[in-house]
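One letter stands for each residue in the lines below.
2 protein chains.
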Amino acid sequence: MTVDEMLKKYEEWTFKKSAYMMALSIINFDKMTVAPAGGNEYRDERTAFLSGELFSISTDDEMIEILSKLKDADIDPDIKKSIQMEYKDIVEAARVPKDFYIDYQNLVSTSHNYWLKAKQEDDYSIFEPYLKQVIEKTKQMYLYMDPETDPYDKMLDSYEPGMNKAKYDDFFGALKESVPALIRKVVERQNADDSFLYIDYDIEGQKKFMEHLLKYLHFDPEWSYQGETEHPFTDWVCENDCRTTTKYLPNNAISAILSTVHECGHAWYAHNVDDKYDGTALLSNISFGMHESQSRLCENYLARTESFWKANYPVLKETFPEQLGEVSLDEFVAAINVARPSLVRTESDELTYPMHILIRYEIEKGLFDGTISTEALNETWNAMYEKYLGVKVTSDREGILQDDHWADGAIGYFPTYALGTAFAAQFMYQMRKDIDVDSLLENSHYDEIMKWLRENIHRYGCRYKAEEVLEKCTGEKFNPEYYIKYLEEKFGE
Amino acid sequence: MTVDEMLKKYEEWTFKKSAYMMALSIINFDKMTVAPAGGNEYRDERTAFLSGELFSISTDDEMIEILSKLKDADIDPDIKKSIQMEYKDIVEAARVPKDFYIDYQNLVSTSHNYWLKAKQEDDYSIFEPYLKQVIEKTKQMYLYMDPETDPYDKMLDSYEPGMNKAKYDDFFGALKESVPALIRKVVERQNADDSFLYIDYDIEGQKKFMEHLLKYLHFDPEWSYQGETEHPFTDWVCENDCRTTTKYLPNNAISAILSTVHECGHAWYAHNVDDKYDGTALLSNISFGMHESQSRLCENYLARTESFWKANYPVLKETFPEQLGEVSLDEFVAAINVARPSLVRTESDELTYPMHILIRYEIEKGLFDGTISTEALNETWNAMYEKYLGVKVTSDREGILQDDHWADGAIGYFPTYALGTAFAAQFMYQMRKDIDVDSLLENSHYDEIMKWLRENIHRYGCRYKAEEVLEKCTGEKFNPEYYIKYLEEKFGE
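Sequence lines, in order, name chains A and B.
Taking our numbering, the leading residue of the first sequence gets -4, the next gets one more, and so forth.
Taking our numbering, the leading residue of the second sequence gets -4, the next gets one more, and so forth.
Hints in this document: simulated from the structure, not taken from any laboratory.
Take these hints with a grain of salt, some might be off.
Each pair may be met inside one copy or between any two copies, as identical chains are not told apart.
[Unchecked claim] Straight-line Cα separation of at most 30 Å, DSSO-like style, residue types lysine-lysine; simulated pairs:
#1 K242 x K202
#2 K26 x K446
#3 K203 x K446
#4 K3 x K149
#5 K480 x K160
#6 K93 x K4
#7 K271 x K112
#8 K171 x K160
#9 K485 x K446
#10 K485 x K149
Excised from the complex, chain A in its bound form (with noise of 0.2 Å):
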């Protein structure tokens, strides 16, 4: 076959797979927002049919012989550097055999049904036997990938390529130096009343300022929708196909906005990649990292920020007259950036979170390395809660149930939340070199902050690592320091 055919076997490859992708993307954004739970299992035992048709065609031996020439051959950059990836995983992906993978599938589905039901039940003990099979098949799958690897190194990389315990203890260690000091300091001179953002807040009222935010935010209907979902996420299917979801508490008047703001970040990320891109492993395999970072930087360091609410908090205050009436646009920016140690790592401020991080991270290691296990894990949890974050878990449900990732064998995925977090740390800094950022928040020039993150961040989509986009942009390697010192500056007063 020449280079030439191997290429257009490559492109029917890729687009019959985006064929896939796109369907399983709609079917679980539908699931999520609209589909009547009663029709739940008819539709899953036939979505996880059409995942194996997926599966089936991304391990195609075909195409592993055709990507192996194709990944050295002299073609365009753009593809080869996406052949390369997918050569790597689709190598990696057949080394499981597809009875164990079905296995492992059908274990995760269970395990988050006894997941929820024993979150329901708050009783982290019915929980506990799926968790331990997770870890165990999920290392065995990770050994199977790559044998010659650690297989938590293997995950951590797998979320963020490039990453390994390691270079991670690098991070977290250089956070526990100064993160919990910071706590303390915070935690003994709290001030700051926020207990007027907790009342009722109705949620007709709420939708009626989403309609201002989301124009402020430049969503555009034309590329973007955003539905209503127990916990926020995005999906994306093309450039110009980008959902977010979001949530709205009654008695919360910042949950819906901050975690609308996150997720568009994730969708203006998706929606400015570079149109040639679509459908192909240089939009999907962007790293999770690098996909916090947008979210992260939009929700911590734009929504948060006075210039932010300069544009944005006098239409709020007309929605809730009552509530909002007597505070004033300081007190208000005060509040929303009230941190307070707490149980519940999504609903924790900007100064606390990496603590809730760290936690998983090192209970995730330990339950590799064997000085953790899964039995009585709850009271490990619960340990470490008290020596990082000085509160008491007092419930499963609030404590080491909260998350469903676990169960969903997305093991390596939670350091990625704080590592992506100061990314966007170090990016901001740059982008406040570059472009007058208060000015344009103020002015309601929010799609001129997209443009340089388009031009800086976005438009690349994974085609560069997220170490090579930090040095592109910011001019220097990775360095927590720029996120060390924002929280300084901003609770070490």
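Based on the hints, put chain B in the right spot on chain A.
Using the frame of chain A, we list chain B on its own:
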């Protein structure tokens, strides 16, 4: 291969087809309700690919062989019936050359786009060349499928098994004898005031009433969901996943209500089919006339009655006190039953509706027997509207371009709308003998009516043909007199 082995293959094949059908159904619902238009092209190309996959699976040679043996084997009669239907479909589909099929799919996509453009620009000539091709190619496709049968007869049969021109000529002949005279009478004597239905009804209020209505209809979120689209429709994935859509008009009190009851009629049908038919042809192949009989039954024979509104009018009045405060129940019911010749089928009343269909049927017949051509078809259309309905069509948009069926190649479909309405009259006559419909409607026991429909009609799916279900249910063959008598009694006084 033993019969059991063949049955196992058949089961796998059915499951596989149902997975693709589920995906396509969800992708379509998503596109119609929420998907950003910017992604249409990307998604459409991939959706076409997945349709092609389904086509290949459906016309698999080995399966034709297996079905040809199973269709006469000594097996479960339900499965046998399903296989017989599928065998007929598969044999005919397999006769269509794949290239021709793909070209045809592309043609109808293009044709739909030009229909839309023509409608937007109110200019039939933009659409005419595509309609001409669609007519030719559709004819060709049906000739491939069955070279022995007149193509238009074949189309009619494909939407309503057992029907053909001769039978429809009888049916429409009977309607032509009585309906035009009734229309003339109604036009002369018209005195009910329905203008209050067409003032400002804010959409928020309509949505509030809809919450009540969906509860009244026992449209349970466990198996159903209602979205919003430009053109309301119903889509079903399985027994417990039946979705509908509706459309709210700001200056129309009744449009969203009647369309909701109509679509819920389709949804209840799909929901009530015996669940052992999930994923099989016995659910998915229900004829268009039978489906329409159930939606029309709910819309016309239930939701236009005084009993229905005894239960619902107080809530509607409470929702719109300014608009309906002075309107009595009698006046309201009279208003929603006003008959008045008009231009647009989907907004027409019960009495004039069949004439809209008759016109389309006569045009389709003429296009295929060569007595009518696509050239200046808008003028032919307009002349027929003047002849049968006494109205002058002044724009193509509200004339020949109002419906997209022909643009999509759906020829032979329209007649089922009138036929289904006639089926419904016959079913209704029997239902009123068996249960006290008015008392059930008045006392909010809509579910009891659905139960009667399930027992007597819905549960069979398409295990039996329409004519067999009619005979099972009413003890009589199809008899259009029930429909004509109903119209005469209602509008003749």
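A quick look at each hint next to the structure:
1. For the homomeric pair K242 and K202, the shortest alpha-carbon distances inside one copy (10 Å) and between copies (21 Å) are both at most 30 Å.
2. Proximity of K26 and K446 under a CA criterion of 30 Å is satisfied inter-copy only: 28 Å between copies versus 33 Å inside one chain copy.
3. Proximity of K203 to K446 under the C-alpha cut-off of 30 Å is restricted to the intra-copy arrangement: shortest distance 27 Å within a copy versus 41 Å between copies.
4. Taking identical chains as interchangeable, the C-alpha atoms of K3 and K149 are never at most 30 Å apart, the minima being 32 Å within one chain and 41 Å between chains.
5. Proximity of K480 to K160 under the C-alpha cut-off of 30 Å is restricted to the intra-copy arrangement: shortest distance 23 Å within a copy versus 82 Å between copies.
6. In this assembly of identical chains, K93 and K4 lie within 30 Å of each other by CA distance both inside one copy and across copies; the values are 24 Å within and 21 Å between.
7. In this assembly of identical chains, K271 and K112 lie within 30 Å of each other by CA distance solely across copies; the values are 28 Å between and 44 Å within a copy.
8. Taking the shortest Cα distances, K171 and K160 sit within 30 Å of each other inside one copy (15 Å), while across copies they are farther apart (82 Å).
9. Only within a single protomer do K485 and K446 lie at most 30 Å apart by alpha-carbon distance; the minimum there is 26 Å, versus 65 Å between protomers.
10. In this assembly of identical chains, K485 and K149 lie within 30 Å of each other by CA distance neither inside one copy nor across copies; the values are 35 Å within and 75 Å between.
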